[in-house]
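Colleague: Based on the sequences and whatever the hints tell you, model everything.
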Amino acid sequence: DPVVPPTTLAPGVLPPAAGPLVVVPAGCATPDPADVVFEGRIMSVSTTAARFQVLRVLAGSVDPYLVAPVTVDVEYGDDRRFLDLDQRYVVGAALDPVTGGLASVVREPQPMFGGDAVIGLDDSDVACPRVEDPVRTLRTDG
1 DPVVPPTTLA PGVLPPAAGP LVVVPAGCAT PDPADVVFEG RIMSVSTTAA RFQVLRVLAG
61 SVDPYLVAPV TVDVEYGDDR RFLDLDQRYV VGAALDPVTG GLASVVREPQ PMFGGDAVIG
121 LDDSDVACPR VEDPVRTLRT DG
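FYI, this note's numbering numbers position 62 of the sequence shown as 62, with every residue one higher than the one before it.
Hints were generated in silico from the structure; no laboratory data involved. Certain hints may be false.
Claimed, not checked - What follows is a list of derived Cβ distance ranges for each label pair:
no.: 1; residue 1: 64; residue 2: 11; range: 20 to 28 Å
no.: 2; residue 1: 48; residue 2: 68; range: 38 to 46 Å
no.: 3; residue 1: 26; residue 2: 5; range: 36 to 44 Å
no.: 4; residue 1: 129; residue 2: 107; range: 16 to 24 Å
no.: 5; residue 1: 43; residue 2: 127; range: 43 to 51 Å
no.: 6; residue 1: 100; residue 2: 28; range: 16 to 24 Å
no.: 7; residue 1: 108; residue 2: 68; range: 27 to 35 Å
no.: 8; residue 1: 45; residue 2: 100; range: 14 to 22 Å
no.: 9; residue 1: 63; residue 2: 43; range: 13 to 21 Å
Cβ atoms here follow ideal geometry from the backbone N, Cα and C, with glycine treated the same way.
Modeller: Below is the structure:
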């Protein structure tokens, strides 16, 4: 049986949340939540992926993605070059529907040509908050 890493989730059933931390008005874009968030140490790397030893599960479950006891693979594409062997990271990852595995990024995606400079692109009477994409990998020190 695989050894399940310790979790920071409270035992038992939690009461329903009183609401979101950041209220996003209707008409504003919100990123999809991460399927799993964990703290892990990179054990090995390939050109586009990293294999993590899961040290702590912060949200979700790593069970469906285990490739060995307390071990998960995360696909990064070109962003893999920013990750270092034997370093610890907080990983927010989502299921990649094409590969069936976990995927994450290190860098924020760059805006398409023009971005906010395109006239009328984001014209709206609604003030939308900036919500960070949770599918991201960060060093444990931020």
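Colleague: Next step is simple, just say for each hint if it's right about the structure.
Modeller: Taking the hints in turn, this is what the structure says about them:
1. 64 / 11: 20 to 28 Å: Because 21 Å falls inside the window, the suggested range holds.
2. 48 / 68: 38 to 46 Å: At 19 Å between Cβs, range violated.
3. 26 / 5: 36 to 44 Å: 38 Å, holds
4. 129 / 107: 16 to 24 Å: 21 Å, holds
5. 43 / 127: 43 to 51 Å: Holds - the Cβ-Cβ distance for residue 43 and residue 127, about 44 Å, lies within 43 to 51 Å.
6. 100 / 28: 16 to 24 Å: 31 Å, violated
7. 108 / 68: 27 to 35 Å: 31 Å, holds
8. 45 / 100: 14 to 22 Å: The hint (14 to 22 Å, Cβ to Cβ) holds, given that residue 45 and residue 100 are roughly 20 Å apart.
9. 63 / 43: 13 to 21 Å: 18 Å, holds
Hints 2 and 6 from the earlier list are contradicted by this structure; the remaining hints agree with it.
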